[in-house]
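Colleague: Chain B: place on chain A using the hints.
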Amino acid sequence: MGKLIKLRVNGQEQEVMVEPRQTLLDTLRYDLGLTGTKEGCGNGNCGSCTVLLNGQAVNSCLIFAIEVDGQEITTIEGLYQGGKLHPLQQAFIDEGAVQCGFCTPGMILTAKALLDSNPHPTEAEVRLAIAGNLCRCTGYDKIVRAILKVAVA
Amino acid sequence: MSEYSVVGERVNRVDALAKVTGKALYCADINLPNMLHGKILWSPYAHARIRRLDVAKALALEGVMAVITAADVPGQKNEEEHLNPMTCCLAREKVIFAGQPVAAVAAINPYIAEEALGLIEVDYEELTPVIDVLEAMKPDAPLVHPNMYTENLPAKDAKPSNIFWYMKNSHGDVEAGFREADVVLENTFRTQTVHQGYLEPRAAVVSVDLEGKVTVWSDNQGIFECRQLVASFMNLPLNYVRVIPVESGGAFGGKSHQVVPPLCALLSRKTGQPVKIVTTREEVFKTNRPAAASVITIKMGATKDGRLTAASATMVYDFGALHGMGGMGEVPFGSFTGLSLYRISNFKIECYDVVTNKTPSGPYRGPTAAQAAFAVESQMDLLARALGIDPLEFRLKNAVAEGDVMVNGTPFGKIGFRETIERMRKYLAQRGKPEGKNRGRGIAAGFWPTGIMGSAAHINVNTDGSVILVVGSTDVSGTRTTLAQMVAEELGIPFEKVTIVTGDTETAPFSAPSVGSMTTRSMGTAVYRACQDIKEQLCQRAAQQLELKRKNVEFVHGCVQVKGVPEKYVSLADLVAEDFRFPEGPITGRGSGEMGEGAPVFAVQVADVEVDKETGKVKILSYAAAQDVGLAINPTLVEGQMQGAVAQGIGWALSENYIFNNGVMQNSTLLDYRMPTATDVPFVDTMLVEVSFGTPPFGIRGVGEPPIVPTLATIANAIHSATGVRLKELPMTPEAILNSIKTQGKSKTK
Numbered sequence: 001m002g003k004l005i006k007l008r009v010n011g012q013e014q015e016v017m018v019e020p021r022q023t024l025l026d027t028l029r030y031d032l033g034l035t036g037t038k039e040g041c042g043n044g045n046c047g048s049c050t051v052l053l054n055g056q057a058v059n060s061c062l063i064f065a066i067e068v069d070g071q072e073i074t075t076i077e078g079l080y081q082g083g084k085l086h087p088l089q090q091a092f093i094d095e096g097a098v099q100c101g102f103c104t105p106g107m108i109l110t111a112k113a114l115l116d117s118n119p120h121p122t123e124a125e126v127r128l129a130i131a132g133n134l135c136r137c138t139g140y141d142k143i144v145r146a147i148l149k150v151a152v153a
Numbered sequence: 154m155s156e157y158s159v160v161g162e163r164v165n166r167v168d169a170l171a172k173v174t175g176k177a178l179y180c181a182d183i184n185l186p187n188m189l190h191g192k193i194l195w196s197p198y199a200h201a202r203i204r205r206l207d208v209a210k211a212l213a214l215e216g217v218m219a220v221i222t223a224a225d226v227p228g229q230k231n232e233e234e235h236l237n238p239m240t241c242c243l244a245r246e247k248v249i250f251a252g253q254p255v256a257a258v259a260a261i262n263p264y265i266a267e268e269a270l271g272l273i274e275v276d277y278e279e280l281t282p283v284i285d286v287l288e289a290m291k292p293d294a295p296l297v298h299p300n301m302y303t304e305n306l307p308a309k310d311a312k313p314s315n316i317f318w319y320m321k322n323s324h325g326d327v328e329a330g331f332r333e334a335d336v337v338l339e340n341t342f343r344t345q346t347v348h349q350g351y352l353e354p355r356a357a358v359v360s361v362d363l364e365g366k367v368t369v370w371s372d373n374q375g376i377f378e379c380r381q382l383v384a385s386f387m388n389l390p391l392n393y394v395r396v397i398p399v400e401s402g403g404a405f406g407g408k409s410h411q412v413v414p415p416l417c418a419l420l421s422r423k424t425g426q427p428v429k430i431v432t433t434r435e436e437v438f439k440t441n442r443p444a445a446a447s448v449i450t451i452k453m454g455a456t457k458d459g460r461l462t463a464a465s466a467t468m469v470y471d472f473g474a475l476h477g478m479g480g481m482g483e484v485p486f487g488s489f490t491g492l493s494l495y496r497i498s499n500f501k502i503e504c505y506d507v508v509t510n511k512t513p514s515g516p517y518r519g520p521t522a523a524q525a526a527f528a529v530e531s532q533m534d535l536l537a538r539a540l541g542i543d544p545l546e547f548r549l550k551n552a553v554a555e556g557d558v559m560v561n562g563t564p565f566g567k568i569g570f571r572e573t574i575e576r577m578r579k580y581l582a583q584r585g586k587p588e589g590k591n592r593g594r595g596i597a598a599g600f601w602p603t604g605i606m607g608s609a610a611h612i613n614v615n616t617d618g619s620v621i622l623v624v625g626s627t628d629v630s631g632t633r634t635t636l637a638q639m640v641a642e643e644l645g646i647p648f649e650k651v652t653i654v655t656g657d658t659e660t661a662p663f664s665a666p667s668v669g670s671m672t673t674r675s676m677g678t679a680v681y682r683a684c685q686d687i688k689e690q691l692c693q694r695a696a697q698q699l700e701l702k703r704k705n706v707e708f709v710h711g712c713v714q715v716k717g718v719p720e721k722y723v724s725l726a727d728l729v730a731e732d733f734r735f736p737e738g739p740i741t742g743r744g745s746g747e748m749g750e751g752a753p754v755f756a757v758q759v760a761d762v763e764v765d766k767e768t769g770k771v772k773i774l775s776y777a778a779a780q781d782v783g784l785a786i787n788p789t790l791v792e793g794q795m796q797g798a799v800a801q802g803i804g805w806a807l808s809e810n811y812i813f814n815n816g817v818m819q820n821s822t823l824l825d826y827r828m829p830t831a832t833d834v835p836f837v838d839t840m841l842v843e844v845s846f847g848t849p850p851f852g853i854r855g856v857g858e859p860p861i862v863p864t865l866a867t868i869a870n871a872i873h874s875a876t877g878v879r880l881k882e883l884p885m886t887p888e889a890i891l892n893s894i895k896t897q898g899k900s901k902t903k
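Residue numbers (this note's numbering), protein chains in the order written: chain A, 1 to 153; chain B, 154 to 903.
Think of the hints as simulated: they come from the structure by calculation, not from any bench.
Some hints here could point you the wrong way.
Stated by the list, open to error - Label pairs and their computed distance ranges (CB to CB):
#, chain 1, residue 1, chain 2, residue 2, range
1, B, Gly847, A, Leu128, 56 to 64 Å
2, B, Glu364, A, Gln56, 29 to 37 Å
3, B, Thr467, A, Phe64, 52 to 60 Å
4, B, Glu156, A, Gly55, 45 to 53 Å
5, A, Gly55, B, Thr467, 26 to 34 Å
Stated by the list, open to error - If the Cβ cut is set under 8 Å, some of the chain A residues that face chain B in the computed set are:
#, residue
6, Asn10
7, Phe64
8, Val98
9, Phe102
10, Ile130
11, Lys142
All values reported here derive from a predicted model rather than from experimental measurement.
Backbone N, C-alpha and C fix where the C-beta goes; we use that ideal spot for every residue, glycine too.
Bound conformation, chain A alone:
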């Protein structure tokens, strides 16, 4: 049996019929077509599915859609507003922090959650904040530099 839930996704009200077993990740990807959020492991180990739930970075594969009725979600698609990239998106491009790009959406959203709560983190704080987001291409080097660049700016 499905249930109708309301979500505010990237600033827009959405009504979705969800099954109780459906994860927030599947709802975003399949029902709302927001495929920028990725599934890398399905059990909260890799961080590829990170979205912001009321401003907090969460693994959307570990949350049932039905649990977040009435709440506010930001996905990677929501960061590009009014034809402008978020400074983190721009820094990821400029610093060469993007390779295969699969971890990138989750990584950027985790970084955003960090900078929203701690605008001037140290390198160690950045590394700790993104420790739940695996990247296999970059060795994290240019990712950490990109985040620090925005933090300093």
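Modeller: This is chain B only, laid out in the frame that chain A set:
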């Protein structure tokens, strides 16, 4: 001052904008109308006979549209095709590894497909699995493949064997060489099975139309390779399979083989509907192709003044149930990469590639080279210690240079090994030694030959002077950007005027797969030649316009110039812009590159570490990587390759491991299979040494694989330096380090 204006620049990746905004499309993002979802039933046993396989109950489940087994496979008529490690080997009568596909289901949603798997009845009769690689080599060992005979022997063996390939390289008199040495050391080193660890799980979407034409979206490292594998499975001519490129979410060699698309194709043909399969992380680990494990025994001798006199090595690679990859069984790279870095007049290297009933292996970034380098470079470090010589100077003293030969007899052309060591020496002189308790420094080197294979490219010139480059190479490392940079450079136009398109197998000219650190060079050759083709056409047109002979004009910086009269020229845009209909015919450049000589690459790395003697935990304080890259088309991308490879190497050295029980992997989640996080690796200082290979395009060398080759030994050597104990087996977990400190600590070898 560079002689180039676009090549060598840190231009942003052409795919970065789509990736930071979530717009980039990966295979799992593709959804087609009326699409079914598939799931695969995998063998739970490492070795078993299938006594009965009954899919009737699964097929009867509401919402299930098709179930397939080996009986449905149209192609793979013979055993060799069936056991091709690059493709799907749906079990026939017997399973030879846990994770071998046994059946597949297509249903109206993934939940029903999953449920249907549970209704498939398989009656297995367990057989003794072949687990240990050394046991597998014994004459009386149970056989993984009953009809496999060792290849490359002087004469065919009387009996089948689990050793599928034997290779020997030797030169000089090894015993005399050891007699000449002042120090001779012999050690055995072991490396474990590790996974490439790409973040994007394997997936495919396949649609078969009424004519039987198959359209494939899949994560792969080569659309033409994928086409080949699907066509052979489906028994179709190549023009009946079309593979459309999507972004690849990490690959590192691990997406060369294609298990999922053939199954989707068969399910789609059976149902007449598109079928999508997205695998889970557990499936990625258990059913895909990790790197081969190894047991390498190596003996090396050197004189007091640090000259290597002899080496002998026995290298055994555990390839799991299938023999590696197409072309790799024939070339166990590590057998010649490991010792080709040094001038050794007397050597004997024997290499055995062996099958066991474990997860079949495949290529991973410099396949089999990192394993060999772990043994050789650990041994070099031990020799340097025994001789009391600085490990960097020891390597420099014995390092090969142009004109020396690899152990397989291939001569080295232009190489930059010595320059790379010297660059690292300079860096270390500035950096100083690591100070403090339980801290140490390790150094190691690595060699990778890189490859170059046949590929072609088209360039279409637009009437405004912009151009479209069409290639069929999968971009796994930023090659769209570097190839576009080459075009802008060669045609003398701004980077923004070049658009690069990855065509599909019907619209793009053929490309080799993106493996072997070769795409920038293989496809680069084709692109470079396509540019020359365009320049020639433009010169001919300009000569005609200017009423000059062809030989009197030349192409310089985006213009056709009258030779000796630089002020008299016609720009590229002017040449094509007279009329948007191209009255003189459109200009299309064509370039084709052939298989050729690899450009050898050397990497030298240094790690400073601190080991907590209470817990055994290794903290990497700093890391430096130097590499001869020929010429960096885009330094940012090259650095990214090096930094990523080092992080993977750190995981391989310290934490990653397939933990097997009876041949079944026990730790198939990303929590239990521990890849490095941002807190495990430091910034990696990179040094790009540019010793030109001397041939177009731009004297470049491949860059992606070499930087993982020295990393394992770099870390092991640093741990020895910090603790005084030598670890000869990977991974060097805190537990293993503590044990070594306990057992070796008393008889400290410094």
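Colleague: Would you mind marking each hint as holding or not holding in the structure?
Modeller: Now for the hints, and whether the structure bears them out:
1. B/Gly847 with A/Leu128: 56 to 64 Å: 47 Å, violated
2. B/Glu364 with A/Gln56: 29 to 37 Å: For glutamate 364 of chain B and glutamine 56 of chain A the Cβ distance comes to about 52 Å; the hint is violated.
3. B/Thr467 with A/Phe64: 52 to 60 Å: 55 Å, holds
4. B/Glu156 with A/Gly55: 45 to 53 Å: 51 Å, holds
5. A/Gly55 with B/Thr467: 26 to 34 Å: For threonine 467 of chain B against glycine 55 of chain A, whose Cβ atoms are near 59 Å apart, the range 26 to 34 Å is violated.
6. Asn10: Asparagine 10 of chain A check fails; min Cβ-Cβ to chain B is 10 Å, beyond 8 Å.
7. Phe64: 14 Å, violated
8. Val98: Holds: closest Cβ of chain B sits about 5 Å from valine 98 of chain A, inside 8 Å.
9. Phe102: Because about 3 Å separates phenylalanine 102 of chain A from the closest Cβ in chain B, which is inside the 8 Å limit, the hint holds.
10. Ile130: At 5 Å from the nearest chain B Cβ, isoleucine 130 of chain A passes the 8 Å test, so the hint holds.
11. Lys142: Holds, because the Cβ-Cβ distance from lysine 142 of chain A to chain B comes to roughly 6 Å (cut-off 8 Å).
Hint check: violations occur at hints 1, 2, 5, 6 and 7; the rest are consistent with the structure.
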